[in-house]
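**Student:** With the hints as your guide, set chain Z onto chain U.
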Amino acid sequence: MSINRRGFLKGVAAGALTTLGTGALIEPADARPPKQLPPGAVGILYDATQCIGCKACEVACKAANDLPPELNSPLEQIHGVSGVWDASDDLDSRTMNKIKAYAAQAAADASGTPEVSYVKRACMHCVDPNCISACPVSALTKDPDTGIVGYNPDACIGCRYCQLACPFNIPKFEYDKPFPKIVKCQMCRDRIADGDIPACCAACPTGASLFGPVAELREEAHRRLAAKPGTSLTYPIHRLPEADAKPDPAAQKDAPAPAYTQHIYGETETGGTQYMLLADVPFDKLGLPRLGSESQARISETLQHALYGGMIAPTLLLGGLVYAAYKHTHEDAEEDGQDGDSSTDDPTPGGTPAKTDARRPGGRS
Amino acid sequence: MNERYAPVGGKLLTPQFYFLGILVAIAVVIALYRFVFGIGAVANLNDGYPWGVWITWDVVTGTAIACGGYALAVLVYVFNRGRFHPMIRAALLTSVFGYTLAGLSIIVDVGRWWQLYNVFLPWYMNLHSVMLEVALCVTLYTVVLWIEFSPTILEAIHANRLLRWVRHGLFFFIGLGILLPTMHQSSLGSLLIIAGWKVHPLWQTTLIPLLFLLTAITMGYAIVVFESLYAAVNLKRPLETDMLARVSAVIPWLLIAYLVLRIGDIVIRGKAPLLLAGGAEPWLFAAETALFLYGIVMLLDKTRRCRPTSLFLAATAVLLGGSLYRFNAFLIAFDPGPGWHYFPGFGELMITVGIVAFEVMAYLFFVKKTPVLMAGHPPEDRVCKHANRQRPRAPGLHAGVTSA
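Listed in order, the protein sequences are those of chains U and Z. Numbers given in our numbering equal positions in the first sequence, counted from 1, plus 660. Numbers given in our numbering equal positions in the second sequence, counted from 1, plus 2.
Okay, chain U solo, but in the shape it has when bound:
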């Protein structure tokens, strides 16, 4: 009887370990399906070949989002001034949108032109965002229509798991404040709600930052990739024109097509992103990580759902464990009942244990 029960309980424990093990090795067939692009998904196509590095988008971004200028940058310390210019090296809690320059050091390709490119970094607004999967309190959410990844400070507990989870290191945190928030681009969602476009796209004079529906932006990007280098290409400025709208010469320009890197960064990366990039240099040179088409959120959630789906496995395990604990504490009580009312844990301060005959020879006393 006792052996049988023991065997059963070993089974419970073994079962728990097996659940964890198989959960970890789960087949992709059982995996959580990948997230799809929302119907009204809007995004930004950044074409590095059209960017002139004027940083008008940065200025407009700060103005639209009431972001303070950078202080205490190394530059200002060297020159002994402060507040003269707004100079951050990278995205941080005061900068949601950053133009960076890349220039290959010794470099010239076969034609003798050095490899040079700008890159604009901001939230990628992933189709399947890791940050949203990570956030314990749903402070980060994806708009079901526009797909914009927004932040709600009233929910946020400041655990910074989103920072750890983001493959692009986008969410920033106000480490210098007693009541800090997460700071990241929310694609000017208030402006979009008013029928406007994001401040960076509105400010961009060359069409390098182009706002539009994600599906159409992808088509536009493919159109550019397909163009033969040197041929004339029409670039819309600020936003993609409506399909049936008359061409407005002020809202577009013609330029020779560059030799694009044949890839749209963000078309497949981490399940796709709503902010996409084109460039004529390899994307990893621009500091963009090489990512597979599956988001880590999907892998993580698949594992968690396998283990905790419907809380079935934990409930079964709890039942087994409570039964085991009941049986084994109950047995103790029965054995102990012979000694009278006292239970096993009753202390007898200073009292001697019942079995004192077998004292250890090596013990200190």
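Derived by calculation from the structure, the hints in this document are not laboratory data. The model shown is predicted, which means the values in this text are computed figures rather than measured ones. Hints may be right or wrong, so weigh each one.
Stated by the list, open to error - Sample of chain U residues with no beta-carbon within 12 Å of chain Z, all distances over it, derived:
1) P699
2) D726
3) H739
4) D803
5) I857
6) E879
7) L885
8) K913
9) A919
10) H923
To be verified - So the derived list for chain U, only partly shown, Cβ under 7 Å to chain Z, looks like this:
11) L824
12) A825
13) E961
14) Y986
The beta-carbon is built from N, C-alpha and C at its ideal position, and this holds for glycine as well.
**Tutor:** Relative to chain U, chain Z alone:
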């Protein structure tokens, strides 16, 4: 099971106790500074390394070290090894403060601490979040631990009616107290899956929950051994070598299972060539593995297991190995990209030091004032009789550790 527990008694306010108190006071001052001026004022945490020593040590490693109560409960209540029951209160004591202090350190670490209760509000809960599961499990388990430990306190204050009442329902909390750590100790590893490429491929695997769970349980047995020997020497009590030899017999098999999974996983994922690559990571992996192998070699052999010095060294190695595994995965082999660096700041470290000091103070208080440790001599089951005859005492151990 005719076990009796008794307070150790003795002077509580020793110079060492005051010293620990000073460390706690320093930590409190620094923590207040942090709440007024922000996290960045005391910690070197940054946007690339959002989690530093507070999370990696106080929460991830601290709660694994606090798995003594959990690991022993598995032995006693699942595998019905009642002979280990006399050690359960000491194990629960280290667990209850390990978890409570981990919870407190979360309040220091988290930026918007005044909204922490959002984790418990159903309309904010994100059921896909690994962090939510960890947060809920750890909070609930801390409560469960206090309930499991409460008979000790209730006995000390002679609340007999309440004590009887608690005992009737205790079996449920014991069951819950095994389930919850199984869930969150594995999930503490799963936290890293979503970080993807930032975690070095030698550590990044979907097997990580199982690896974290196995090492947490193993560290639980190791801390039981470590704590028992350390307390016995410093509080001048009889060594519980027989029982510790039996408990520690489990450790090598758990570690062998862990190493087979850990190395097998690296080979199957095709990452074995990385073990020969440059950089610090292969060496860090080797250090982890060496510490675990040392534990296996020392504890697989019954003669060594019966030697307090060997037991102590092996338990320490297992604790260090498990801690290094966690530090590597969360911090040392964590690389968010070029330009990001992290080393804990002085204030940041002092808060962690203060938390450890508080745990030791709490341990001393409860051991001296409440019935936690076994009264008299530990029950003799003669597992080490043969070995003890060969080496009746372990002078090295007593010489190496200063008396508190």
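**Student:** All the hints need checking, so say for each whether the structure fits it.
**Tutor:** Each hint, compared with the structure:
{"no.": "1", "hint": "P699", "in the structure": "holds (22 Å)"}
{"no.": "2", "hint": "D726", "in the structure": "holds (20 Å)"}
{"no.": "3", "hint": "H739", "in the structure": "holds (23 Å)"}
{"no.": "4", "hint": "D803", "in the structure": "holds (16 Å)"}
{"no.": "5", "hint": "I857", "in the structure": "holds (28 Å)"}
{"no.": "6", "hint": "E879", "in the structure": "holds (29 Å)"}
{"no.": "7", "hint": "L885", "in the structure": "holds (26 Å)"}
{"no.": "8", "hint": "K913", "in the structure": "holds (35 Å)"}
{"no.": "9", "hint": "A919", "in the structure": "holds (27 Å)"}
{"no.": "10", "hint": "H923", "in the structure": "holds (18 Å)"}
{"no.": "11", "hint": "L824", "in the structure": "holds (5 Å)"}
{"no.": "12", "hint": "A825", "in the structure": "holds (4 Å)"}
{"no.": "13", "hint": "E961", "in the structure": "holds (5 Å)"}
{"no.": "14", "hint": "Y986", "in the structure": "holds (4 Å)"}
Hint violations for this structure: none, all hints satisfied.
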